[in-house]
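Trainee: Listed here are the chains, written in short residue letters.
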Amino acid sequence: MFRRLAISFVISVAAMNAMARTRPHYGGTLHVEIAGDAWERPAGVARRLVYDGLTQFDTNGTLRPALALTWEQDNNFHRWQFRLRPGVRFHDGSPMTSAAIVSSLTASCSANCPWDTVKAVGPLVIFSNDSPMTNLPALLASDQFLIALTANGDGRSPASAVGTGPFQVTGFNNGVLALAANETCWSGRAFADGIEIRVHRAVRDQWLDLSLGRADVVEVPAEQLRLAQQQHLSVIQSPPIVLLALQLGESGMLANVKARGAIAAAVDRGALYNVIFQKQGEVTASLLPQKMSGYSFLFSTERDLNRAHQLRGGLATGAITMSAEGDGAMQLAAQRIALNLHEAGFNVQMAAAGTQHADLVLRQFLIAGSDCGAAMERILWDAGLPASVADKTSEDLYKRELSILDNHRIVPLLDLPRGYAIGARLRDVHLRADGSPDLSSASLEDVR
Amino acid sequence: MRAMRLVGAVTLVVCWMTALACNAQTAQVQSRWAQPASDLAGQIADVLGPGQAQLSLRNLSSIQGSEIPVIRKLIEQDLKTRGVLAGGAESANAIRVTLSENARERLWVAEIVEGNTTHVAMVHLEAAEAEAIRATSERVVLRKEKISGLVGRDVHGIPVLGAAEINGHFVVMFADRISVFSNTGGTWTESNTFVMTSKLSRDPRGLLLPAADGGTFTAYAPGTQCSGSYSLPLNGGTQDSGWTVKCRASDDPWPVYQSADASSAPALKAFYNTARDFYTGVVAPNIGVDLPPFYAAGMIPRAAGGAAVLLAGVDGKVQVVENNVMRPVSGTRDWGSDFAVVRSGCGSGTQVIASSSGEAASDSLRAFAIPALDAIPESNALGTDGAVTALWTAQDGKSALAVVRNGLGEYEVDRVSASCN
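As you go down the protein sequences, you meet chains A and B in turn.
Residue 689 in the numbering used here sits at position 251 of the first sequence, and the numbers go up by one each step.
Residue 645 in the numbering used here sits at position 268 of the second sequence, and the numbers go up by one each step.
Everything labelled a hint here was simulated from the structure, so no lab data went into it.
Please note that the accuracy of each hint is not assured.
Only some residues are given here: those of chain A computed to face chain B with a beta carbon under 10 Å [unchecked claim]:
1. T460
2. T500
3. G626
4. S731
5. L736
6. T831
7. E833
Yeah, the Cβ is synthetic: ideal placement off N, Cα and C, and Gly gets one too.
Build out the structure end to end from the sequences listed, making use of the hints.
Mentor: Structure below.
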């Protein structure tokens with residue numbers, strides 16, 4: 439009897455899971471709700487719907503062509519040339535030319551760029567630099583270097599957003615950004631006719647709208663993933679690809695590497711992981727996640743208050759300012775770290791959220807792509823500590839990372855996943871390598 | 378008493394055979410890990426020199442737990458031959474070995490602790506590929522053969538829409554071009570490329586139909602029709618240079634009729650909606666009923682004579698049109714949007730090969746018989762290495778060709794043949 443019941447259960451479960459991989463349907467409007475701004479970097483959900491980069495990462499983190507079809511380096515990575523994909527047009531119908539690319543890149547990076555010069559030569563975009571640019575193709579896939587038509591503005595607001603991506607901006611009213619499918623998109627027309635993104639919506643309201651069928655995609659912050667699962671939301675989440683790290687300045691008492699080392703030793707990662715982020719992701723003390731590098735465990739994640747006191751020694755303890763990017767869990771995490779540092783004898787004063795010039799800034803860094811060297815260089819670039827990482831073997835990468843972290847300008851804390859909950863009528867939503875949802879390939883089941 | 382002796386003898390034999398099997402397995406594990414264990418032990422000994430050290434080992438990799446004691450023993454032995462004795466709880470030196478891995482490789486790491494100093498040694502080795510073992514049974518056995526070595530420009534990530542072997546060459550229709558591959562030393566290498574300007578799509582589809590004469594083909598892509606022909610070069614040219622392909626803008630209907638003998642003239646043409654990537658349902662000649670929009674159609678012969686038309690609709694329903702009546706086919710809930718009709722000669726003689734995915738990352742293919750209004754599985758599921766993006770009847774009518782997009786986003790072509798069990 440039990441056996442028969444068990445078999446029936448297995449068959450019924452198998453039948454429930456039997457889903458045909460039928461072709462997607464075109465049409466309909468997707469409704470997305472987010473807590474932040476659709477254009478904010480690096481995770482603004484609208485940016486990659488409207489813009490493309492010269493290169494892009496696929497879902498496996500492999501670098502693929504986008505607006506550039508091919509690229510090659512010479513002079514030992516001091517010069518790169520990218521050949522553009524022919525026939526691509528901006529949303530306003532104007533052709534994508536190498537001059538337009540150079541103009542966009544110059545607008546998005548006017549100083550401290552990964553290159554010294556960028557110029558247009560026929561269908562080529564040529565980058566040159568005094569130092570080798572080993573990972574330039576991977577860097578160009580990052581959010582900062584998405585290509586916008588600068589003739590219309592800087593591309594940083596909906597009004598001036600003209601790109602080559604699968605959707606184009608049609609309006610922004612009452613907190614709803616409206617996008618329409620780009621019929622002539624070089625990568626093919628998106629399945630949905632349009633997307634409406636409601637911005638600045640509290641996560642609790644997003645979930646309510648999802649349950650009422652008023653939203654198709656809503657956010658699930660890392661610390662609420664467990665709650666979302668308990669509420670039986672259909673959640674898709676990325677691997678832990680967001681590095682939560684404390685970035686340290688080097689002015690005042692922080693000019694002393696021992697003081698920075700004391701701060702690194704005083705932080706209690708376990709408390710952040712267990713309490714603030716509800717055991718999501720992984721505790722880390724390295725720039726790259728364990729699954730990516732294979733050596734992350736070599737960096738100790740244990741709090742060592744004795745060592746912190748020892749390193750701080752008799753250093754003068756002036757006030758240290760601290761801020762956190764983002765709100766909610768990030769602010770709580772910053773407060774918890776301030777408490778840790780207080781226990782180590784530091785006088786930490788919290789600065790307003792988003793203050794960029796604090797001595798300590800709690801930040802999130804995206805780890806995109808499967809190439810360890812390129813991912814490390816990208817983190818350093820985003821942290822304002824640019825350095826070319828040409829190392830390829832695990833031993834060399836480990837040594838490189840060790841030397842970077844020994845300087846304590848950046849203190850890795852946690853690797854967090856990104857999550858979204860999706861409605862029942864939506865299918866084929868995949869997360870990109872950076873954990874954002876790729877809505878250009880998503881379709882709605884109930885359109886005919 | 379006699380029965381007890383018999384049981385005892387059987388037990389002894391079973392134990393002996395088990396021991397033999399265990400020994401064989403251990404030997405296999407030893408031979409697999411001997412080299413990295415030796416390399417790591419060498420690096421440790423270089424740092425530590427002769428002496429004693431406490432050895433600990435942990436596994437953060439996908440290596441099975443049962444293999445860990447063997448690996449530990451290998452490392453201990455290799456250390457011993459280099460003068461490092463593992464053990465000695467009182468020793469100040471410690472060796473912490475971690476079996477780790479990343480996306481590219483296995484990484485064995487030794488942290489060698491000498492007092493307050495820790496040295497790190499690493500050995501990396503390629504991750505072993507798991508070999509899938511698939512059981513086959515039932516009336517029809519599906520086998521797949523990867524058409525390997527389709528090497529050429531930008532093959533990776535460019536969708537394959539159709540393919541056919543013509544005149545000793547492999548003609549492949551990509552989303553952006555038609556390429557002719559020549560067999561050089563067992564590998565297919567792109568020898569000719571003809572750019573094709575068709576409407577861009579996120580779900581691109583196409584048809585590549587070889588003619589019965591074996592020397593020409595017609596290809597259909599959204600908004601485009603191409604004709605290809607091969608003639609042996611007269612003077613000087615190589616064998617590969619005899620191909621010509623001409624494309625033109627076209628909204629002519631596509632020949633979708635997949636008979637069990639694909640080399641016969643197509644009997645059903647359907648208009649294709651280039652904006653939505655499906656057949657509109659308007660067909661020529663008229664088959665007696667108004668068809669809904671559909672993704673695939675094929676003809677299945679009936680035992681009583683005559684034939685029925687099978688349709689995979691845009692709404693996910695599979696229906697059969699017979700005697701001017703369209704009725705749903707049951708047992709097709711987990712079918713994908715494409716299918717291929719093959720003449721295997723097994724069972725009823727004709728099977729429909731359909732793809733399905735379930736919740737798995739990779740699709741599978743299965744042969745069905747449709748004697749009436751039920752799809753009856755006639756083969757086990759044949760796993761593919763990714764998502765099946767296109768499936769059609771091969772030129773011989775006895776096999777199907779499937780395009781599979783693997784986890785890396787690369788496309789490969791599999792020939793799927795059905796044989797009797």
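Trainee: Work down the list of hints and note, for each, if the structure agrees.
Mentor: Results of checking the hints against the structure:
For A/T460, the suggested interface contact is upheld, since its CB lies about 5 Å from the closest CB of chain B, less than 10 Å. Taking 10 Å as the C-beta cut-off, the interface hint given for A/T500 holds, the closest approach to chain B being about 7 Å. Using the Cβ-Cβ criterion of 10 Å, the hint placing A/G626 at the interface with chain B is satisfied: the shortest such distance is roughly 4 Å. With 10 Å as the threshold, the beta carbon of A/S731 comes within range of chain B, its nearest partner Cβ sitting at about 6 Å, so the hint holds.
Interface restraint check: A/L736 against chain B, minimum CB-CB distance 6 Å, threshold 10 Å, status holds. The beta carbon of A/T831 comes within 7 Å of a beta carbon in chain B, closer than 10 Å, and the hint placing it at the interface holds. At its closest, the beta carbon of A/E833 sits 5 Å from a beta carbon of chain B; the interface hint therefore holds under the 10 Å criterion.
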